[in-house]
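Visitor: Sequence:
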Amino acid sequence: LSAIYNIAIACGDPKAKPSYLIDKNLESAVKFIVRKFPAVETRNNNNILMEREKYQSELINKSVMILYRIYSLFSWETLFCHMAFTAILCNVTVPTPMLFNPIRSCEHIDIWYTTKILFISSLKEHSIIRYYNKLYIFSFGFVIISVLRLNYMLTEFGNPLKKKILQEFCGSNLSLSDALISLQMVYPRRNLSADQWRNAQLLSLISAPSTMLNPAQSDTMPCEYLSLDAMEKWIIFGFILCHGILNTDATALNLWKLALQSSSCLSLFRDEVFHIHKAAEDLFVNIRGYNKRINDIRECKEAAVSHAGSMHRERRKFLRSALKELATVLSDQPGLLGPKALFVFMALSFARDEIIWLLRHADNMPKKSADDFIDNLKKRHIAELIFYMEELRAHVRKYGPVMQRYYVQYLSGFDAVVLNELVQNLSVCPEDESIIMSSFVNTMTSLSVKQVEDGEVFDFRGMRLDWFRLQAYTSVSKASLSLADHRELGKMMNTIIFHTKMVDSLVEMLVETSDLSIFCFYSRAFEKMFQQCLELPSQSRYSIAFPLLCTHFMSCTHELCPEERHHIGDRSLSLCNMFLDEMAKQARNLITDICTEQCTLSDQLLPKHCAKTISQAVNKKSKKQTGKKGEPEREKPGVESMRKNRLVVTNLDKLHTALSELCFSINYVPNMVVWEHTFTPREYLTSHLEIRFTKSIVGMTMYNQATQEIAKPSELLTSVRAYMTVLQSIENYVQIDITRVFNNVLLQQTQHLDSHGEPTITSLYTNWYLETLLRQVSNGHIAYFPAMKAFVNLPTENELTFNAEEYSDISEMRSLSELLGPYGMKFLSESLMWHISSQVAELKKLVVENVDVLTQMRTSFDKPDQMAALFKRLSSVDSVLKRMTIIGVILSFRSLAQEALRDVLSYHIPFLVSSIEDFKDHIPRETDMKVAMNVYELSSAAGLPCEIDPALVVALSSQKSENISPEEEYKIACLLMVFVAVSLPTLASNVMSQYSPAIEGHCNNIHCLAKAINQIAAALFTIHKGSIEDRLKEFLALASSSLLKIGQETDKTTTRNRESVYLLLDMIVQESPFLTMDLLESCFPYVLLRNAYHAVYKQSVTSSA
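Counting in full-length UniProt numbering, the sequence shown runs from 1 upward without gaps.
For the record, the hints were derived by calculation from the structure and aren't laboratory data. None of the values given here were measured: they were computed from a predicted structure. Hints are not guaranteed to be accurate.
Straight line, CA to CA, 25 Å or less: simulated DSS-like cross-link-like pairs of lysine-lysine [what the hints assert, rightly or not]:
hint, residue 1, residue 2
1, K971, K845
2, K930, K826
3, K1052, K863
4, K608, K621
5, K1045, K1033
6, K528, K585
7, K971, K872
8, K1025, K920
9, K971, K930
10, K450, K398
11, K826, K920
12, K1033, K863
13, K712, K636
14, K882, K1033
15, K654, K379
16, K636, K608
17, K654, K585
18, K845, K1025
19, K612, K636
Distance windows between CB atoms, simulated [said to hold, decoys possible]:
hint, residue 1, residue 2, range
20, K930, Q604, 49 to 55 Å
21, N732, I810, 35 to 41 Å
22, T1054, M1077, 23 to 29 Å
23, Q201, S755, 54 to 60 Å
24, D603, E799, 22 to 28 Å
25, P786, D918, 24 to 30 Å
26, T1054, M929, 39 to 45 Å
27, P945, N743, 25 to 31 Å
Note that the Cβ used here is the ideal one computed from N, Cα and C, for glycine as well.
Turn these sequences into a full structure, and let the hints steer you where they fit.
Guide: Below is the structure:
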């Protein structure tokens, strides 16, 4: 059947159909063979079949496996007929509950044979089978028996029930009808309504507490968990095959009608169904005297459509509560799995039958179905039933050793004793039967608990096969020992066989009673059930049942049909992956919604929202009466937590409830194995949380490239902390390592790009500070205020869209350091240094343009007249100062960032920072520069200020040109300092160069020159291995000499801000670790500095007044 099914699937799917069947060159040959089958005349049709001959060898090689698959199926027919004839001769009359194994096997064979014929007849592509058949004859030139049988059958596709099957069963009607009638002892008792189950307290362990420890017993043990679907197949197909008894035996008729009323269709194989009412009616309509049976069929069909749906719906409802109770009790007291194992397998079998019934009928609804029937087929709560089935299966697998211990003791201590007594009391016992039963007793007596403790593998298959033989020996009419006369022996042996299965065949029992691999062939319905489960909050906690069902799929494969293993395995993997991915996405979306709500609540606590509250409070104190009514008082943060009624459910409450339900499902199993692949549901959630957290952090920056807007670092930090708080709470629902998520995501955010190549907050903020804030500083719209340690907007005609102070003060820079961390701040520093290096490269070009003049000025600083003449020959003086100012601004911003980083690290890792400070502070002056630079690099990474900036050294050292010698590079560096020194006096003529004591700087940022001069000199002369101190002394001598000259100038325009410029010398010395005030005093009188401070203070008071 698996082979036929796969052939049908391959031939019916255009994508899977063999290429040679859709070849246009062979199309005419295929159509001709199919049309003329089975008598295909080749003599007069050579032109048509010529193309087939060209490809014949290739075709037979590709299709030989399919051909032999089809032909091998017909070897069944001989075996089946032989088996049926043997059953007739032996006159087997023992009822099914007693003679369970032989009768079940025979009925299985009967029904499977019928199914095979019906299934082949229902194939849409049976013309292809005809083509394959003729292809074999053409290729080998002879006909085998299987081919003749296939030819005959392919011509009888019209009504296989009438033309084929009934003919072959006509001789075995008596034995088949006896076996079917014996089901009246089992089937009516199994096919009860939910109310009857409920009244009988079916499957309940707690309904009778006093008998809870008593072992569950039954006279028909194997029939208690027998598939109801299989029994209905036996009854319906069986009585159709021997329909004559329906007119003579009321018991048979009632049994048949009861089965017909339960379903509108039966499963032929997998997802192939057979509409029983129509087929039976079509069969009986041409048989004389069967009008009553036809009326019975119509009544049963009407009953199936009107009542079967509601009956099965109520059964599913009962089983949900029954299985829940059973699973709850067993999880608390797993020892009850021993005495109550039968209840577990009964529950699994009942639930499996109901699920398969629903799946089959929902996909094959009658065309004229009533609305009630359609409503009863809704699958909203099916996940709950499947979940409890999986829970029971998990208990059986987990506590298998407990069950083994119990039943090993049961077999050796009770079953062996009782069976021995029964054998001893037999009046007649032939030798063969005696040997078999004695072996039963000996096998059970030899069992011990130590075998379980030692992990010994049990195998009772031989014992069960012997019981099968014994049933066959004792069930024939001429047997010396008849089971019909010794029913207690049959009941006892059936019970013993069940007990042996509890020891060595638990996995097989689970497959027999609860296999739901049928879902593999109902993919669309399977996926729809899953979506409905996720959409219904009360059912989402059971959604893990769907991935767990994918572990069943491989059990539907057959060892003699290996070609379908990969197809089914791939389907199970893809479905499991899809289900787990969707569950993780749903949980992620719920978490995101909660995070959004929490971020909104955290945003209400930001300082910017308290201004209105303060304003209202001030207005109340001032008691100003206004004509208008006062504005309604704004709700304060935290009002949402004040509940007056516990029944009021907020949106946040609903989200948390839905999340807890779904997380229960994700956390239900640590992993599951599907086709030798291990799936871990929690890892799906972890990966989705990482991706969403990454996107959320970047999204919360609210960066707009068009308007250059971005969130303040402090506000982003608040939102991120709120987000992380919610994510940390997820650990209360699911056992995932959320710290790993934080480490992975936040560490990636400290890099330029994340693992997916997307920009991070580090790159966004670095770009914004460089391209927006610092660019506006260069344009003169923003100034750096040392007193405030922040950049502040200057009053201009075109107002900026942002307030620089709100992005650059110490609190914002600390927030930025918290977000970016040491790695992110290092990237920011490297980006800043790249801009500085580009400015230094331009400065070097300007130096090269004026190299001759600067060389002369370097040695003529004590010759005022010559210096004045040489200065007039200099070009691009303003450009040099502007570029040095830009460098100073960038370095000032970097110092703010480094200070903020130091504060943050001192809070988080104070001991490590103090150790780094000790390294830096105690490094000897004579230490090798490479060692010193390593220490400086460590210190700089911790935000500590260094005498020599290692990042700047690295950036400037990359500018070395191969065409210029090191000596020339060193000379250019020296002349650059000369150029800056002799250019300082020109700043006095600038209106914006006025020093402001309030901000401790100049509005045109020239106070940043002090940092630029010191840092650039230290970096350049470290690279060129020169004396930093000597070069700065030289710079100080040139600068002081040049500035002293403007003291003699009489032009007020030239000397407008002379005193403000004088202060630059003091700033340079204060900033430098290499210069001292004594050295400055030797070059520039301190009295001039004191007078300059007095003058600028006095000037600021006058201007403010």
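Visitor: If a hint holds in the structure, say so; if it does not, say that too.
Guide: Structure-based check of all given hints:
no.: 1; hint: K971 with K845; verdict: holds (13 Å)
no.: 2; hint: K930 with K826; verdict: holds (20 Å)
no.: 3; hint: K1052 with K863; verdict: holds (24 Å)
no.: 4; hint: K608 with K621; verdict: holds (21 Å)
no.: 5; hint: K1045 with K1033; verdict: holds (19 Å)
no.: 6; hint: K528 with K585; verdict: holds (17 Å)
no.: 7; hint: K971 with K872; verdict: holds (22 Å)
no.: 8; hint: K1025 with K920; verdict: holds (21 Å)
no.: 9; hint: K971 with K930; verdict: holds (23 Å)
no.: 10; hint: K450 with K398; verdict: holds (19 Å)
no.: 11; hint: K826 with K920; verdict: holds (18 Å)
no.: 12; hint: K1033 with K863; verdict: holds (18 Å)
no.: 13; hint: K712 with K636; verdict: holds (23 Å)
no.: 14; hint: K882 with K1033; verdict: holds (23 Å)
no.: 15; hint: K654 with K379; verdict: holds (24 Å)
no.: 16; hint: K636 with K608; verdict: holds (13 Å)
no.: 17; hint: K654 with K585; verdict: holds (18 Å)
no.: 18; hint: K845 with K1025; verdict: holds (21 Å)
no.: 19; hint: K612 with K636; verdict: holds (11 Å)
no.: 20; hint: K930 with Q604: 49 to 55 Å; verdict: holds (54 Å)
no.: 21; hint: N732 with I810: 35 to 41 Å; verdict: holds (36 Å)
no.: 22; hint: T1054 with M1077: 23 to 29 Å; verdict: holds (28 Å)
no.: 23; hint: Q201 with S755: 54 to 60 Å; verdict: holds (58 Å)
no.: 24; hint: D603 with E799: 22 to 28 Å; verdict: holds (26 Å)
no.: 25; hint: P786 with D918: 24 to 30 Å; verdict: holds (28 Å)
no.: 26; hint: T1054 with M929: 39 to 45 Å; verdict: holds (43 Å)
no.: 27; hint: P945 with N743: 25 to 31 Å; verdict: holds (29 Å)
Checked against the numbered hints above, the structure breaks none of them.
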